[in-house]
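S.K.: Two chains, each in its own frame: build the complex with the hints.
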Amino acid sequence: MSQRTRFALKTAVWEACLLPLALLVYRFQTDALGANPIEYVTRTLGDWTLRILLASLSMTPLRLLFGISWPMSLRRLLGLFAFFYVCLHFSVWIVVDHFFDWEQLIADVFKRPYITVGVLALTLLVPLAATSTTRMVKWLGGATWRRLHKLVYVAAVLGVLHYVWLAKKGVVDPFIYAGVLGVLLGIRLWDWARRLATRRWHHAETESVIRRLLADGG
Amino acid sequence: MLIRHAPDIKSSEITGFRLYLNRRSFLMGAAALALAPSRPAAAAPPTGQSLKATRHEAFAVPDPPTKFESVTTYNNFYEFGVNKDDPARLAHLLKPRPWTVQVDGHVARPKTYDIDELIRLFPLEERVYRLRCVEGWSMVIPWIGFPLASLIKRVEPTGKAGFVEFTTLLDPEQFPGQRKGLFGFSLDWPYVEGLRLDEALHPLTLLTVGMYGQVLPNQDGAPVRAVVPWKYGFKSAKSIVRIRVVSEQPKTAWEKAAPHEYGFYSNVNPTVDHPRWSQATERRIGEFRRRKTLMFNGYADQVASLYAGMDLRKYF
Ligand code: HEM
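Protein chains in written order, with my numbering: chain D, 1 to 218; chain C, 219 to 534.
Isolated chain C, as found in the complex (with noise of 0.2 Å):
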C-alpha cells in the first residue's frame, strides 16, 4: 500500500490550537461545573482531558485544521438532534464513563473490551484528515487514535469475515434525538453503519478516541468513533458500543432510511451527485469560496485500488 508522504505541516499551526483550546476546555468545564452542581463529581465526563499521542506525519494532509470551536458546535450527530447546534446543546447528557465496546462476529477471539482498556491497547497517533460531510462542507481535523485494522486482527477474523457493522450506543436518556417525537422518529435507532473488511482493515481507517490533542468531546462522539476520511461522514459511526465481523453487508441506518440517496459505500465522489445536490464542490468550514471536492476526498492515491474494476455510479 502506498502511502504519499504529505508535505510538512506547520507544527506551530497545531500547537497554537493545543494552547487556545486547553485555556478553553477549562473554561467549558469550570462552567459546566457551575451549571451542573447535582452532578455527582466521580460521574464527571473525561471531556477536555488532554491526550498524549504520536504525531504521524504520512497521515498528515497540508491543510490547516478547522478551528477546534466550529468542530465542537457544528455537528450532524442525531441521535442529538437533527439541527447542527443541538449536538454541543445536549452533550452532556452523554456518559462516556463507564463505557464498553463488545467485539465479536465471525471472529476466533471475541470480547468486550472495557474503554480504558482499548485507549491502552495500542500506540496513540494523532492523523491529520479531511473530513467531508455529504452535505457538502467540509473540515480538516486532527483526529487522536490507532488503526481499527490493530483491533480488528486481535480478535482474529474467521473464514466468513466479510464485512464490519458498528452499532452506537441506544439510550433515549442520553440521546434525546432517539426519543419518539410528535411526528415520528428519524432514524431507525440504533445507529448502524458498515464497512467491507478490507476498508476495515485498511491503513487510513482509524478507530478515534480523542482530537485536538484531547479526548474525544462527546458531541464529536466520544467515547470511541470510526473515522474513514474517503467516505463522507455519516459513514464515520460515532459512540461505538459494539463491533461486529459479519458475513453479510450490513443494513445501514441512513440505507434504510433513504436507500436512493444514501448508499452503502459512499465514498466521497465529485462525479456522482446527491439526488437533491452536487457533490462537485464543497465549503471548508472557515473558509469563504467553496473549493473542488476531490475523488475519494484526497485519498485516492491510497484506496482507489479498493474498488477498482466496480462501477462507483452504481455503488454509490
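Looking at chain D on its own, in the form it has when it is part of the complex (with noise of 0.2 Å):
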C-alpha cells in the first residue's frame, strides 16, 4: 500500500473515531441531548468503547478470513481510541452522573458487579495504552509484548459482560455484542487449532523421513 493510501485510511479512521464525540458536542450545544442529557452521554460514550473496541478486534480475523493484511495497520489507532472514550465514559460518570461522590463511587466499585467489571476493563486497558508506542514495543520484545496484548481479549469479554449486567430485561443489544464478540474469538481459535494441526501434521511428516533416512542408513 502506498504512503498516501495509508495516510487517506488513517484519517479516514481518526475522522470516524471522533464523529459520535463530536456529535455529542453538537447535540450538547443545541440542547438535543434529551430529557436525562446525562445518562445520554454515558450510555453514549459507553456503546462507542465497545464498537471501537470489537472493530480493533476485527482487523486480525479479516487478514485471516480473506488474507487482507492492511488492516491490521490500524489496530493500534482503534485500540487507543476504545482507549480514548472509555476515558471519558468513566470520568463523565465520575465527574458529572456522581460528581465526585467518592463514597458512592468507591461503594459501587465494589457493590455493583456491571460496575466492577467496567473498572477491571478499563484497568486492563491502561499497560496496553502505555505500551502502544513502537518504543515499548522494542522495549518489550516482540513476544513478550504480544503476550501482553492478549489481555485486551479479556477486556472485551469484560467489556459485554458490564454491558449484559446493566441491561435490564427484554434489551437485546448486549446479547448482539457478545455474539460479535463470540465470532471474532472464534476465528482466531480455530485459526490457532488449524495452525496446531498442521504444525503436528509437520512434525509427524519430519519425523517418518528421519525414521526412514536412519532405516536406510542401518
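One or more hints might be untrue.
[To be verified] Computed list of lysine to aspartate or glutamate pairs in EDC-like fashion (alpha-carbon distance at most 16 Å, straight line): (1) C:Lys371 / C:Asp322; (2) D:Lys169 / C:Glu479; (3) C:Lys313 / C:Asp332; (4) C:Lys302 / D:Asp191; (5) C:Lys313 / C:Glu391; (6) C:Lys302 / C:Glu353; (7) D:Lys168 / C:Glu473; (8) D:Lys169 / C:Glu473; (9) D:Lys168 / C:Asp406; (10) D:Lys169 / C:Asp406; (11) D:Lys169 / C:Glu353; (12) C:Lys302 / D:Glu103; (13) C:Lys469 / C:Asp406; (14) C:Lys371 / C:Asp416; (15) D:Lys111 / C:Asp491; (16) C:Lys510 / D:Asp97; (17) C:Lys510 / D:Glu103; (18) D:Lys168 / C:Glu353; (19) C:Lys378 / C:Asp322; (20) C:Lys378 / C:Asp416; (21) C:Lys469 / C:Glu479.
Since the hints were made in silico from the structure, they are not lab data.
These numbers were taken from a predicted model, which means no experiment stands behind them.
M.R.: Here it is in C-alpha cells:
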C-alpha cells in the first residue's frame, strides 16, 4: 500500500472515531441530548467504547479469513480510540453523574458487579495503551509485547459482560455484541487450532522422514 | 389520615406550561394529521384535548413540575418497546377510544365502564405528584384524575377482597412491544400490577386520565392509568382495561420477570438497594446534580402507617 493510501486510510479512521464525540458536542450545544442528558452521554460513550474495541479486534480476522493484511496497521489507532472513549465514559460517571461522591463511587465499584467488571476492563486497557508506542514494543520485545496485549481479549469479554449485566430485561443489544465478540474470538481459535494441526502434521512428516533415513543408513 | 398541607406552589408556573402545551399540542396534532392522512377523522385520538380539573392544593408538592416535553418523550412503557423513546415514537398506534374498563372480582356490583362514562363519574382533581422510577430518575407531574378509592367503593368490595389487580390492554397491533421478537419477549403479557386493598383505597392513589391540563397522552398510559406516588413508577399500571378485586396477592409482570429485582411492594426506599444499583439518590429530570431519594418518595407522613411493623427489606 502506498504512503498516500495509508495516510488517507488513517485520516478516515480518525474522522470516523471522532464523529460520535463531535455529534455529542453538537447535541450538547443545541440542547438536543434528550430528557436525561447525562444518561444519554454515558450510554453513547459506552456504546462507542465497545464498538471501537470490537472494531480493533476485527482487523486480525480480516487477515485470517480474506488474506488482506492492511487493516492490521489500524489496530493500534482503533485500540487507542477505544481507550480514549472509555476514559471519557469513566470520567462522565465520576464527574458529571456522581460529582466526585467518592463514597458512593467506591461502594459502587465493589457492590455493583457491572461496575466492577467495567473498572476491571478499563484497568486492563491501561497497560496496553501505555505500551502502544513503537518504542515500547521494542523495549518489551515482540514476544512479551504480544503476550501482554492478549489482555485485550479479557478486556473485551469484561466489557461485554458489563453491558449484559447493566442492561434491563428485554434489551437485546448486549447479546448482539456478545455474538460479534464470540465470532471474532472464534475465528482466532479456529486459526490457532488449524495451525496447531498443521504443525503436528509437519512434525509427524519430519519424524517419518528421519526414521526412514535412519533405517536406510542402518 | 393526615394529609400534610404542602407549601403553596406558584400557580404561574403551571399556567405557563399550559400555554406552552396548548400551542405545542396544537402543532403536534397538526403534524399528526399531516403525517397520517389515511386515518379516518372520527378515530383520531383525543390526545392534546384540554381537560378541566379542580386543583387540589393539599396534594401538590412544592417542587416545580418537569417539562411536559420530557414527560412525553422519556418514558418506560414496555408495551411500545424497551427504549425510552419508543413510546413517543409509536404512541400513535394506540387507540384510546373506544375503550372500556372492566371492574369485577370480589365486588357486589361488578360493571364494565365505558371510558367516557368513567371520566364523568367523579369530579376530576389536579394533583402535583413526584414520580420516582426504579431506575434512579424522577419527575414532578401535575396529574388529573380521581381517587381510585371512589371507584372501588362504588362497586362495593366483599369480605373476600384483599388486593386489587390491574391489567393493561393486550393487543400486539397497538402495542408493538408485545409482539414476539426474534430474541423472545421481554415480559409475560399482558402487564399485570397490583396493590393491597388498603393501598388501593389510600387517598393518594389516583386513577388518572390526564396531565398538564389535558387528556393523558398515549405514551403516558392513555386513556386511564393508576398513579401511586410513593411506589416506583412501574407499580402504576398504564392503559388499564381491567381492575379486579381479588383475595390473593396478584403475581405482577415484573415480579414474574425478575422476582429478586422487583418486589410486590416496591415502595420507594433509599435504604433498600436494587440488586444492580443504589436507590439512595436520584436524578430529577431537568436537574444536574443528583438529589437524595426520600423515604416513600416524600410521602412517609401519609403512608408509613400502612407498613407499620413490616420488614421493608423483606417486603421490598
Ligand atoms: C472497556 C470498558 C467499558 C465498556 C466497553 C463499556 C461499555 C458500556 C456500554 C456498551 C454501556 C451501555 C450503553 C447503552 O446502554 O447503550 C455502558 C453503560 C455504562 N457504563 Fe460502561 N463500559 C466500560 C467501562 C465502564 C467503567 C469503567 C464504568 C464506571 C466505573 C462504566 C460505567 C457505566 C455506566 C454507569 C453505564 C450506564 C448504565 C445505565 O445507564 O444504566 N463503564 N458501558
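S.K.: All hints, please: hold or fail.
M.R.: Consistency of the hints with the structure:
1. With a C-alpha separation of about 12 Å, the suggested pair Lys371 of chain C and Asp322 of chain C falls inside the 16 Å cut-off, and the hint holds.
2. The straight-line distance between the Cα atoms of Lys169 of chain D and Glu479 of chain C is roughly 11 Å, inside the 16 Å bound, and the hint therefore holds.
3. Between the alpha carbons of Lys313 of chain C and Asp332 of chain C the distance comes to roughly 14 Å, so the proposed pair stays at or under 16 Å and holds.
4. This hinted pair does not check out: Lys302 of chain C and Asp191 of chain D have alpha carbons roughly 42 Å apart, beyond 16 Å.
5. A hinted pair counts as satisfied when its Cα atoms are at most 16 Å apart, and Lys313 of chain C with Glu391 of chain C qualifies at roughly 10 Å.
6. Between Lys302 of chain C and Glu353 of chain C, the direct Cα distance comes to roughly 12 Å. Compliance with the 16 Å bound is thereby established for this hinted pair.
7. Restraint check: the Cα-Cα separation between Lys168 of chain D and Glu473 of chain C comes to about 14 Å, which is no more than 16 Å; the hinted pair holds.
8. Under the criterion of a C-alpha separation no larger than 16 Å, the hint pairing Lys169 of chain D with Glu473 of chain C is consistent with the structure, at around 12 Å.
9. Restraint check for Lys168 of chain D and Asp406 of chain C: satisfied, since their Cα atoms lie roughly 15 Å apart, inside the 16 Å limit.
10. A distance of roughly 12 Å separates the Cα atoms of Lys169 of chain D and Asp406 of chain C; the hinted pair therefore holds under the 16 Å criterion.
11. Distance check on the hinted pair: Lys169 of chain D and Glu353 of chain C sit about 13 Å apart at the alpha-carbon level, within 16 Å; holds.
12. Of the pairs offered as hints, the one joining Lys302 of chain C and Glu103 of chain D is violated, with about 30 Å between alpha carbons and a cut-off of 16 Å exceeded.
13. In summary, the hint linking Lys469 of chain C to Asp406 of chain C is supported, as the alpha carbons are separated by about 11 Å, within the 16 Å threshold.
14. With a C-alpha separation of about 12 Å, the suggested pairing of Lys371 of chain C with Asp416 of chain C holds against the 16 Å cut-off.
15. For the suggested pair Lys111 of chain D and Asp491 of chain C, the alpha carbons sit about 10 Å apart, so the restraint of at most 16 Å is met.
16. Taken as a hint, the Lys510 of chain C and Asp97 of chain D pair is honoured in the structure, with Cα atoms around 14 Å apart against an allowance of 16 Å.
17. Of the supplied pair hints, the one linking Lys510 of chain C and Glu103 of chain D holds, its CA atoms being roughly 14 Å apart against a limit of 16 Å.
18. This hinted pair checks out: Lys168 of chain D and Glu353 of chain C have alpha carbons roughly 10 Å apart, not beyond 16 Å.
19. For the given pair, Lys378 of chain C sits about 13 Å from Asp322 of chain C by alpha-carbon distance, which is consistent with the 16 Å threshold.
20. Among the hinted pairs, Lys378 of chain C with Asp416 of chain C is consistent with the structure: their alpha-carbon atoms are about 13 Å apart, no more than 16 Å.
21. The suggested pairing of Lys469 of chain C with Glu479 of chain C holds, with an alpha-carbon distance near 14 Å, which does not exceed 16 Å.
Hint check: violations occur at hints 4 and 12; the rest are consistent with the structure.
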